[in-house]
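Single-letter residue listing:
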Amino acid sequence: MTIEQAARRLASGESRSTDLVQETFQAIERENPRLNAFLTLLADAARDRAKALDSERAGGKVRGPLHGVPVAVKDVFCMRGVRTTCGSKLFTSHVPDYDSAVVERLEAAGAVIVGKTTMHELAYGVTSNNPHFGPVRNPWDTHRIPGGSSGGSGAAVGAGVVAMAMGSDTAGSIRIPAPFCGTVGIKPTTGRVSRYGVMPLDFTLDHMGPLTQTVRDAAICLQALAGYDSRDDSSSRAAVENYVPPAEVSIRGLRVGVPENFYFDRVDSEILKAVRRTIDRAKAMGATLVNVRVPDIEALNVVGRVILLSEASACMTPYLSDRSQFGADVLSLFDQGRLVAATDYVNAQRLRRGFQRDFARILEGVDCLITPTAPVFPAIIGQNEVDINGAKEDTRLATTRFVRGINVLGLPALSIPCGLSPARLPMSAQIIGRPFEEALLFRAGAALEEPLQ
Amino acid sequence: MAPDIPKEAVERFAPGLDGLEKVFRPLVAGIPLEAEPAYVLLLARERDA
Chain A
1 MTIEQAARRL ASGESRSTDL VQETFQAIER ENPRLNAFLT LLADAARDRA KALDSERAGG
61 KVRGPLHGVP VAVKDVFCMR GVRTTCGSKL FTSHVPDYDS AVVERLEAAG AVIVGKTTMH
121 ELAYGVTSNN PHFGPVRNPW DTHRIPGGSS GGSGAAVGAG VVAMAMGSDT AGSIRIPAPF
181 CGTVGIKPTT GRVSRYGVMP LDFTLDHMGP LTQTVRDAAI CLQALAGYDS RDDSSSRAAV
241 ENYVPPAEVS IRGLRVGVPE NFYFDRVDSE ILKAVRRTID RAKAMGATLV NVRVPDIEAL
301 NVVGRVILLS EASACMTPYL SDRSQFGADV LSLFDQGRLV AATDYVNAQR LRRGFQRDFA
361 RILEGVDCLI TPTAPVFPAI IGQNEVDING AKEDTRLATT RFVRGINVLG LPALSIPCGL
421 SPARLPMSAQ IIGRPFEEAL LFRAGAALEE PLQ
Chain B
1001 MAPDIPKEAV ERFAPGLDGL EKVFRPLVAG IPLEAEPAYV LLLARERDA
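Protein chains in written order, with this note's numbering: chain A, 1 to 453; chain B, 1001 to 1049.
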């Protein structure tokens, strides 16, 4: 069920929030043993809150489309009185005494948080194969990874357990589980959604956003989440637009940039066909296709890796003396980060500015870019390599190839489903826009998404 | 100021970082002297101005 469908059921009186919460916990009971999508369940709190929200509605107060709708948040968002582990052994007993801004805003909008979702350890990886809390499994094929690091959020939404689960995205951690689990996912512009109360991985690159079943649902959630927060120094005062597209959405006249280099290289042939079909549909709907040449994205990704290695290791320095607390994959990344020279980090930040200018120039000539989100299908759990048309590539580098650079640029990017492969695995396209133009991305996404079920 | 990580980790990861360096070094060589870092707030400040 989508947020809009839930809101209609609640508005018509067909269901109460308590009914939806009950149904959600039945779905969790059914699905979580096979998916391991939830790390912490908040059954009592959710039922109490649903009752209170039903009373509010009965009294004539409706906060908006999220009023009474069950949702989940990745275990990176601090929640008062609720264990927040960040998927790490270090924080198994960490119980914050305050709410993150995301939790505050979701609750202010009337959402009912039913649980915290499982994730890659410390949000530093793409598999969500967590050594401390077990692997999260893909709802379309439980032998495969759901992507990460917001793997539990992707699996929970992809399986239809909840209509929305929050993720965080540093190098693609929303836009990797979204295509792998068949959901929508948006990484908003830097500064659009407050990072207050989120356990950090990287100060430059961390972004927060929702994973949902439809683009309109993602827009509804961002409407609730977006806005200035004085407690987050990176928060923007830019005006929040009306994100929810009209029912009859048009993209006539939209200038869609189609990269002629990098983004269509080394892509699985089925995914390539699906994304080309989406671009053709955009043209058929009246959009103007413009071939564009993008800067060296391999270089942009290297800049992103230098920044992430450095900042993530700086962030975790106080904890790194006890190496037994970390899984092998994240420990190796933290070690590498401590080998990057400070001069290289500073120069990576200077290079970032150049790439931002290059992309700003490209986005003067077009309204958005369309690319594949992931060039590959999800790997089998435990495998470090994926197959691309018969060639092997490292799972982490392949899955982050088209998404990592967008965090370096700070631009908004929306991942939308664009069909199922013959093997019944989801495929997705990524729509990249100018800073703070998420409304345009939602309009294009609503026109072009292909619901999978 | 050397990082306090085991010697075997340094030896193991040096090739990986060398891989990064092949792309990174030429980029750094091309940075104009007057280029400043791009701070986290850059986008927001430009848009908010």
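Don't read these hints as lab results, they were simulated from the structure.
Just so you know, not all the hints are guaranteed correct.
To be verified - Derived list of chain A stretches under chain B, where covered just means 3 residues or more per stretch with a C-beta under 8 angstroms from a C-beta of chain B:
id : region
1  : 50 to 56
2  : 96 to 109
Said to hold, decoys possible - Quick list of simulated restraints, FRET-style, between CB atoms:
id : chain 1 : residue 1 : chain 2 : residue 2 : range
3  : B       : ARG1012   : A       : GLY64     : 19 to 27 angstroms
4  : A       : ARG63     : B       : ALA1014   : 19 to 27 angstroms
5  : A       : GLN26     : B       : PRO1026   : 30 to 38 angstroms
6  : A       : ILE380    : B       : GLY1030   : 52 to 60 angstroms
7  : B       : ALA1035   : A       : ARG63     : 31 to 39 angstroms
8  : A       : ARG30     : B       : ALA1035   : 19 to 27 angstroms
9  : A       : ASP265    : B       : GLY1019   : 36 to 44 angstroms
10 : B       : ASP1018   : A       : ILE380    : 25 to 33 angstroms
11 : B       : GLU1011   : A       : TYR228    : 31 to 39 angstroms
12 : A       : ASP97     : B       : ARG1012   : 52 to 60 angstroms
13 : B       : GLU1011   : A       : ASN291    : 25 to 33 angstroms
14 : B       : ALA1035   : A       : GLN26     : 50 to 58 angstroms
A virtual CB, placed ideally from N, CA and C, is assigned to each residue, including glycine.
Comparing the hints with the structure gives:
Closer than 8 angstroms: that is the beta-carbon criterion, and the region 50 to 56 of chain A has 0 residues meeting it against chain B, so the requirement of 3 is violated. Counting residues of the region 96 to 109 of chain A whose beta carbon lies closer than 8 angstroms to any beta carbon of chain B gives 0, which falls short of the minimum of three for the stated coverage. At roughly 52 angstroms, the beta carbons of ARG1012/B and GLY64/A sit outside the given window of 19 to 27 angstroms. Our hint of 19 to 27 angstroms for ARG63/A and ALA1014/B is violated, since their Cβ atoms are close to 55 angstroms apart.
GLN26/A and PRO1026/B have their C-beta atoms about 57 angstroms apart, which leaves the hinted 30 to 38 angstroms range violated. At roughly 41 angstroms, the beta carbons of ILE380/A and GLY1030/B sit outside the given window of 52 to 60 angstroms. One distance hint, 31 to 39 angstroms for the beta-carbon pair ALA1035/B and ARG63/A, is violated here, with the actual separation near 47 angstroms. At about 55 angstroms, the CB distance of ARG30/A to ALA1035/B disagrees with the hint of 19 to 27 angstroms.
Taking 36 to 44 angstroms as the suggested C-beta distance range, the pair ASP265/A and GLY1019/B does not conform, at roughly 19 angstroms. One distance hint, 25 to 33 angstroms for the beta-carbon pair ASP1018/B and ILE380/A, holds here, with the actual separation near 30 angstroms. Judged by the Cβ atoms, the range 31 to 39 angstroms given for GLU1011/B and TYR228/A is violated: they are separated by roughly 48 angstroms. Taken as a hint, the range 52 to 60 angstroms is violated for the pair ASP97/A and ARG1012/B, whose Cβ atoms sit roughly 40 angstroms apart.
Evaluation of the 25 to 33 angstroms hint for GLU1011/B and ASN291/A yields a failure: the beta carbon distance comes to about 46 angstroms. Between ALA1035/B and GLN26/A, the C-beta spacing of about 57 angstroms keeps the proposed range 50 to 58 angstroms intact.
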